[in-house]
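All chains should be modelled from the sequences, with the hints used to inform the complete structure.
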Amino acid sequence: MPGNLADLSATELLRLYRARQASPVEAVRDVLKRIEERDGRLNAFRLVDGECALADARASEGRWTRGAPMGSLDGVPVSVKDVLLTKGWSTLWGSKLTRPDQPWDEDAPAVACLREAGAVLVGKTNTSEFHWKTVTDSPLTGITRNPWNPALTPGGSCGGAAVAVATGMGALAVGTDGGGSIRVPAAFTGVFGMKPTFGRVAQYPAGAFGTMAHVGPFARTVADAALLLGVIARPDDRDSWALPADSRDYVDGLGDGVRSLRLAFSPDLGFAKVDPEVARVVADAVKVFTEAGAVVEETSPGFADTRATFETLGFPGIAASVARFSEEQKQQMDPGLVAVAKEGTRVGMMNYMAAQRARDALALNMSRFHRAYDLLLTPTVPIAAFATGQDVPDPARQKRWTEWAPFSYPFNLTRQPAASLPCGFTADGRPVGLQVVGPLYADALVLRAARAFEQARPFRMPGAGA
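Numbering (our numbering), first residue to last: 1102 to 1567.
Hints may be right or wrong, so weigh each one.
To be verified - Capping the alpha-carbon separation at 35 Å, the derived lysine-lysine pairs in DSBU-like fashion look like this:
1) K1134 x K1188
2) K1431 x K1443
3) K1134 x K1197
4) K1197 x K1388
5) K1374 x K1500
6) K1374 x K1443
7) K1197 x K1431
8) K1431 x K1188
9) K1443 x K1500
10) K1431 x K1388
11) K1374 x K1388
12) K1197 x K1500
13) K1188 x K1374
What the hints assert, rightly or not - FRET-style restraints, in silico, Cβ to Cβ:
14) G1354 x Q1203: 43 to 49 Å
15) N1452 x A1169: 17 to 23 Å
16) A1464 x A1307: 16 to 22 Å
17) R1159 x A1557: 39 to 45 Å
18) P1201 x K1500: 27 to 33 Å
19) K1197 x A1464: 34 to 40 Å
20) K1197 x E1444: 21 to 27 Å
21) D1206 x F1372: 46 to 52 Å
22) P1201 x G1311: 23 to 29 Å
23) T1527 x T1199: 34 to 40 Å
24) E1152 x G1243: 55 to 61 Å
Bear in mind the hints are in silico, worked out from the structure with no lab data behind them.
All C-beta atoms in this analysis are idealised placements derived from N, C-alpha and C, irrespective of residue type, glycine included.
Shown next as structure tokens:
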């Protein structure tokens, strides 16, 4: 049998299952052991159910023995962000105020898809409270740490999911992205994370960020992400915004490369301040696409910072999410969340409608931009990971995460597919992410470009000492 199965990709595990060279039970045992060894230090999981995972793995093993796997992820260990309903497990949203003693008898659409494909769910990963920010700490679960350096944040709000995948505590993870919550932690932890086109993966119940929130995959390889997206990209009648059924297999055509594609590279979107070291790593990474035969032009899409638009549309949703709690209860919440919710209550209808018009204009701008360019390349985040226990890298000058993540939320406003792929490291070993943005519905093209980069510069995991 191969070495530690926790270190293998989903694609590799499935190949071994098919060849009867490894079993889902062995894989899940290795993953549970990895969680036991590392999660005490990193704090990626709120809930781990080893007994349930092993029972599901034994059932999967039986199917593989009979030559009748249930689906394309049969026996693959997967984690789920703790904002997605999961039958039999509580979903607490990182909050002490969510009652765990209530019926948990429904799966979110993506979770239902995972079960139907035979995936083995190992647990629920940590998030910021009501997934409001792009670092991962909460009053309920404390601080989640970066496996490359535990003194640093893994980003958020899907920090737990990113850490789990980066360290082999599950081959795959499912998260949500309302303003960067998949892409920021993917960049900070050196894994692949993708926000598909809005509606490509059905979502229920809707989160605070409404039509800006996407459900998507984390993986250690692009092929794994494509495999997972193909499983969860299905409509669900509980989500009125879900796209029609897409029969595409996202693994097909993944290796077709980028030759002759027209790519725009914007190092700063025309307005963002980028750390010089991050800028250098990203600029060097972009050369890979030229070497692979793409036509790359340095240009910006032509819009200004969208922070005000994003906050005006997003903060009222956060306010609505916490409105049911009393002022006394809010004293148990993340103070930053309470402050943002208070701002959300002050957004008037005219300001909200003006922000919606600005969102529409931004989407039109990007649609026109993609008439000339197949894809847009940018840094994922203008900085590398910073210290844990704080929402911003410079607390003396900054108040909240929207001030340091200007590359992510514009594309939640436009609903476009966008992925972060690990493209290098700073001198002190912090991962840097490259963002690939596609036109609406071009999820397969984003994956194809990411795969071309990965083939030239394979991704790697943190060391065993993490």
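request  = Compare the structure with the hints numbered earlier in the document and write down the numbers of the violated ones, lowest to highest.
outcome  = Those not satisfied are hints 4, 10, 13, 15, 24.
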